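A.B. asks: If you want the building blocks of each chain, they are given just below.
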Amino acid sequence: MGAVIALDTLFNGGRVWKGRPAAPPSSVHPTGLAALDAVLPTGGWPEAALSEILMAKEGVGELQLVLPTLARLSKAGERIVLVAPPYTPYPHAWQNAGVDLRLLSVIQAEERDALWAVEQCLRSGSCGAVLCWPRKADDRALRRLQVAAETGQTLAFAWRALSESVNSSPAALRLAVEAKPAQVRVLKCRGGLAHPTPIALAGH
Amino acid sequence: MRWVCIVFPQLALDGVQRVHPEPDQPLALLAGTPQRRVLQTVNDAARALGLRPGQSLTAAHALTKTFASVEYDPAEIERHQQFLAAWAYQFSSQVSLYYPRALLFEIESSLGLFGPWPRFEARLRQELTELGFRHRIVAAPNPAAARVLANFYDGVAVQDHGLLQALAPLPIDRAGLDPQAATALSRMGLRRLAQVQALPRHTLARRFDADLLKHLDALTGQRPLALAFYQPPDRFDVRIELNFDVQSHQALLFPLRRLTGDLSAFLCGRDSGVQRFDLHLEHAQAPDTVIKVGLLSAEREPAMLFELARGRLEQVQVTSPVRGFRLVAQDLPVFVPQRQDLFDDRPQQTLPWEQLRERLRARLGDEAVQGLRFHADHRPECAWQAASDKNLCPTLHKVQRPGWLLSEPTLLAEHGVNILMGPERIESGWWDGADIRRDYYLIQTRAGQQGWAFRNVGQSDGLWLQGWFA
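Those sequence lines, one after another, are chains V and A.
According to the UniProt record's numbering, the first sequence is numbered sequentially starting from 1.
According to the UniProt record's numbering, the second sequence is numbered sequentially starting from 1.
Excised from the complex, chain V in its bound form (with noise of 0.2 angstroms):
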């Protein structure tokens, strides 16, 4: 009976291919722009996995698409941590995209215990959503974190520079923000095959 297996997490998963076009999966975590949602394989952010965002500068767009899904995760009663931000989140504008600050916590650390911090967070499986900036971050440390959020069953955003997109990474989603035109562009997504046109970031 172990080789039983759903056949929606087999079609959900992008491996079995039907011949007959199928109305696009529903993510439990939608990004927040329906261009994007329309073609990720998942519907909307990978579950249970590490989401990189590739980013040149900042002050693009980068917090944008993940704030609508923090805002759903923190009214759930979901905790949200930002290990070792690059800078202060203002409240004012956390609170106005719908977060719950209550349900915010940051952790300030330097970076080689900052890997570890949002290891732990993730594995724990306490938290809606972990977010980081790892800025020496190699392979390995990077397959760490998938495997702790798959263990925790929790959603990691990662924000890392714009030339990192030529490395491969272990993340199930990597998505570049560009800043003119204000776009993203879908890098690689597990169980799909990468939309090769960039989709335009509304309000940049």
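If you're looking for bench data, these hints aren't it; they were derived computationally from the structure.
Keep in mind it's a predicted model, so treat the numbers as computed, not measured.
Just to be clear, a hint being listed does not mean it is correct.
Per the computed footprint, the stretches of chain A lying under chain V, defined by three or more beta-carbons under 8 angstroms from a beta-carbon of chain V, are [unchecked claim]:
(1) 383-390
(2) 403-416
(3) 448-455
C-beta: ideal position from N, C-alpha, C; glycine also.
Starting from the structure of chain V, add chain A where the hints point.
C.D. replies: Below, chain A alone, put in the same frame as chain V:
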């Protein structure tokens, strides 16, 4: 069946061995005057080498050199007895240390809570084994009988009607009688307790002290035994002397695990938790190094206490080797167990947030885990606080504010910067000296970044960037 007696046949030895990472090494406890050191107790491994209690140390050294020796300390035994009483206090409010090296406690009122006797006994044995004390357990209708039966039996539960039969076959010298009386009785040809009990009382009263009859009556329950009951102390203070110089924290982990385990057993007995405790690392010459362990809420889970203390311990650097290790807990608040949802929608939730937070604080520092709170101030640098709110923050005006705030405003090269929105004037803070008058703009740099920048009103010192609309 109302009383339990737990006898610790090797309390002194167990007390030393349980803080030893390798309890199977040959060990002897020493007593006697400095001129003539005598082996007080030896463990099984030492016995196999030919060592015997009562041997002089010189004779023992002539036999073998490969055994460790520790001073036999009556005060240490007393401390262990107190600790065991604190442990037993979780099962009964009537715990007595009336007999040396034995615990007596009343269980009739506890059976409803701790299940039928076989299960209760199994639990007692399991916890004592974990704590590292060898033991014999007997339950009997009265404390004196329980103590005497524990000399002879282990794991027996004697009912009211079976008491006389159980006492009858006891040898005279094991029946808890005064040694003189026991010798006299055996010289009279009496071997078993039943034979003594069969004698007419007035003959016994004429030939022996009154204590003999009193003891016989206490055994059958005809004469109640007046017991002083144990009162748990309000602080926990246990010290382990390391009989060698410890240079690395690795060697301290085993004693630390014992200490936190003892602390947890003590807290379970008191039904309290611990919020702050101190670890003292004692040095030979220098004053103690004190490591303070603080928790945000009262806890008593042994594994958690150990892990937190270990996190703090590993970060400490000491100048000289450690000779002793001590754990002191003064503040013992009431323990409130975590409320857990039966229908938790996330079944993998292995580690609750409170424990995760403590783990993070233990490694990253007390101030590492912060909340975020809105503070009612128009100045952006004062509009946030690193603390968490209990209540939901009132809804804020829907003015545009950046998601990221720079810790310090930085001067922005104005070349190629587009102003998208503004100005919005923020003028505040005249009362606390940090007066600002600024015009804020939503700007876009040449690279397409959107930022929040200001000019100081009345000054032409350029455009200062204070946030990113990320």
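A.B. asks: All hints, please: hold or fail.
C.D. replies: The hints, checked one at a time:
1. Only when three residues or more bring their CB closer than 8 angstroms to a CB of chain V does the claim for the region 383-390 of chain A stand; here the count is 6, and the claim holds.
2. Chain V is given as covering the region 403-416 of chain A, and this holds because 5 residues of the stretch bring a CB closer than 8 angstroms to a CB of that chain, at least three being needed.
3. Only residues whose beta carbon comes within less than 8 angstroms of a beta carbon in chain V count, and the region 448-455 of chain A has 4; three or more means the coverage holds.
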